[in-house]
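Take the sequences, apply the hints, and build the full model.
If you read the protein sequences in the order shown, they are chains A and B. Here the first sequence is numbered in our numbering, starting from 1 and rising by one per residue. Here the second sequence is numbered in our numbering, starting from 1001 and rising by one per residue.
Warning: the hint list may mix true and false statements.
20 Å max Cα-Cα, derived SDA-like pairs, lysine to any residue [claimed, not checked]:
hint, chain 1, residue 1, chain 2, residue 2
1, A, Lys48, A, Leu180
2, A, Lys48, B, Val1011
3, A, Lys22, B, Gly1012
Stretches of chain B that chain A covers, calculated by requiring three or more beta carbons in the stretch to come under 8 Å of a beta carbon on chain A [claimed, not checked]:
hint, segment
4, 1005-1012
5, 1016-1024
6, 1039-1045
7, 1057-1064
8, 1076-1089
9, 1095-1103
Bear in mind the hints are in silico, worked out from the structure with no lab data behind them. In this text, a Cβ means the ideal position worked out from N, Cα and C, and glycines have one as well.
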Amino acid sequence: MVGIVPWGVVAGVAMVGAGLTKGQAVAMSLLVFAGSAQLAVLPLLIAKAPLWVMYATALAVNLRYVIYSAVLAPHFEHLSRPWRALLSYIMVDGVFALFVGRYRPDEARDHKHWFFLGGSLVMWTGWQLASMVGIFAGSLIPQSWSLEFAATLALIAVLVPLLHDRAIVCAALAAGGVALAASKWPLNLGLLAAIAVGVVVGLVVARTVPLKGRSG
Amino acid sequence: MDAWTGWALIVGAALVSFFSRAVFVLPGGHMRLPATAERALRYAPAAALMAIVVPDLATAHGALSISIENPRLVAGLVAFALATVTRNILATIAGGMATLLLVRALVA
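Here is the structure:
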């Protein structure tokens, strides 16, 4: 929760810095509500990458939500469709981790979606307020401070906790290497190639090197 | 950038973000994610973030720059170390920015 405030401010500053109007930045914060995907597409917007490359990049960063969605689906299957849509929209990493640590899918507890909604609303409110501060107060900060670099630092801060086993580390290192080697490719296609290579390397490493705590 | 591109990005990214989150929750509990797909999906976010971060740190003025005199590279490495040790977003951003300004002042 504490981390979401600097992260939101940085995203707010970065959206305006990438050339979005303040209105567009507010709309992006409300509609997309996915900090790492927002920060990931902004350098591509500056580099004038094609829209589909930006969409593909946002999708790649968001694929972790597909896993969360699969894990959460049995918890929420008894709810109405508007409820399931609302809980989908508001899903974030921190609340997912808390929720999964607390409830089992087969556990019938009437209030567990309220726990999820409450935690998510706290995150949502903190994120939106912090983004607004970045959007509307960011221009007061002098250019020479290079605040746009804070966006890269924020991505590092969310990347590091993802690196929790050897296969993921190898996937990330391979992707970083390919991205660097292919940084001159047209249309920022090097980024997509890097992600694809990273996923393949991760799968291969996981298959050849038995992971800790897993048999075979 | 024209306004149309900005709105197209916002609407597209909003749809992508919503459907990534809703893909299993919205239809109900009937569908399950195949184990192979789940394994592949674990690697994409870390790969994507690293693929964005590394070129931003290791290039300067469009050319490869692996040097202690590249402020972004040094600051990025400090940020990696801080994120690993503290797991704190504010410490990572503040330490990285301080390093950037310090190295830039020293190199100049």
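Here's how the hints hold up against the structure:
1. A:Lys48 to A:Leu180: holds, 18 Å
2. A:Lys48 to B:Val1011: holds, 17 Å
3. A:Lys22 to B:Gly1012: holds, 18 Å
4. 1005-1012: Answer holds; 8 residues pass the 8 Å Cβ test.
5. 1016-1024: Satisfied; 8 residues make the cut.
6. 1039-1045: Since 7 is at least three, the answer is holds.
7. 1057-1064: holds (count 4)
8. 1076-1089: holds (count 8)
9. 1095-1103: Satisfied; 4 residues make the cut.
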